[in-house]
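**Q** Sequence:
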Amino acid sequence: MTKHPPNRRGISFEVGAQLEARDRLKNWYPAHIQEIDYEEGQVLIHFKRWNHRYDEWFCWDSPYLRPLEKIQLRKEGLHDEEGSFSPLLSILSLLIICFGAVSHLTELCFYR
Numbered sequence: 004m005t006k007h008p009p010n011r012r013g014i015s016f017e018v019g020a021q022l023e024a025r026d027r028l029k030n031w032y033p034a035h036i037q038e039i040d041y042e043e044g045q046v047l048i049h050f051k052r053w054n055h056r057y058d059e060w061f062c063w064d065s066p067y068l069r070p071l072e073k074i075q076l077r078k079e080g081l082h083d084e085e086g087s088f089s090p091l092l093s094i095l096s097l098l099i100i101c102f103g104a105v106s107h108l109t110e111l112c113f114y115r
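If you count the sequence shown from 1, you need to add 3 to reach this note's numbering.
Hints may be right or wrong, so weigh each one.
Unchecked claim - Label-pair distances were calculated between CB atoms; the ranges are: (1) 32 x 12: 28 to 36 Å; (2) 29 x 64: 16 to 24 Å; (3) 99 x 27: 21 to 29 Å; (4) 19 x 100: 43 to 51 Å; (5) 100 x 54: 47 to 55 Å; (6) 37 x 100: 32 to 40 Å; (7) 53 x 9: 45 to 53 Å; (8) 6 x 100: 51 to 59 Å; (9) 56 x 7: 28 to 36 Å; (10) 7 x 100: 49 to 57 Å; (11) 52 x 12: 36 to 44 Å.
Quick caveat, the hints were computed from the structure, so don't treat them as lab data.
Bear in mind the structure is a predicted one, so any value in this text is a computation, not a measurement.
Beta carbons: idealized from backbone N, C-alpha and C, even for Gly.
Can you build the whole structure from these sequences, using the hints too?
**A** Next up, the structure:
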């Protein structure tokens, strides 16, 4: 009996499809689907610019596979469509406000 791949947003389960996969050292890399085993419910992943001896089989519902678009969003500093909240931007804004206030208070206290 053949299985059907799950419907995962951003991942197209077909040979050549681009995605990001996590290696055994827990690092994420761009990759593509090299082969699909419908009987076992697995995909053979080839990490881009790596030798084929590092190709690895993953269950197609593995949390170690994710859409490639996430890489581009991180590189460009953009937000994905689900939300526009950026924790880093919020922290930077608070630091600027705090240091600006501290700087202003320092001037008031020490330069009178």
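**Q** Any of the earlier hints contradicted here, and which numbers?
**A** Numbers 1, 3, 6, 7, 11, in rising order.
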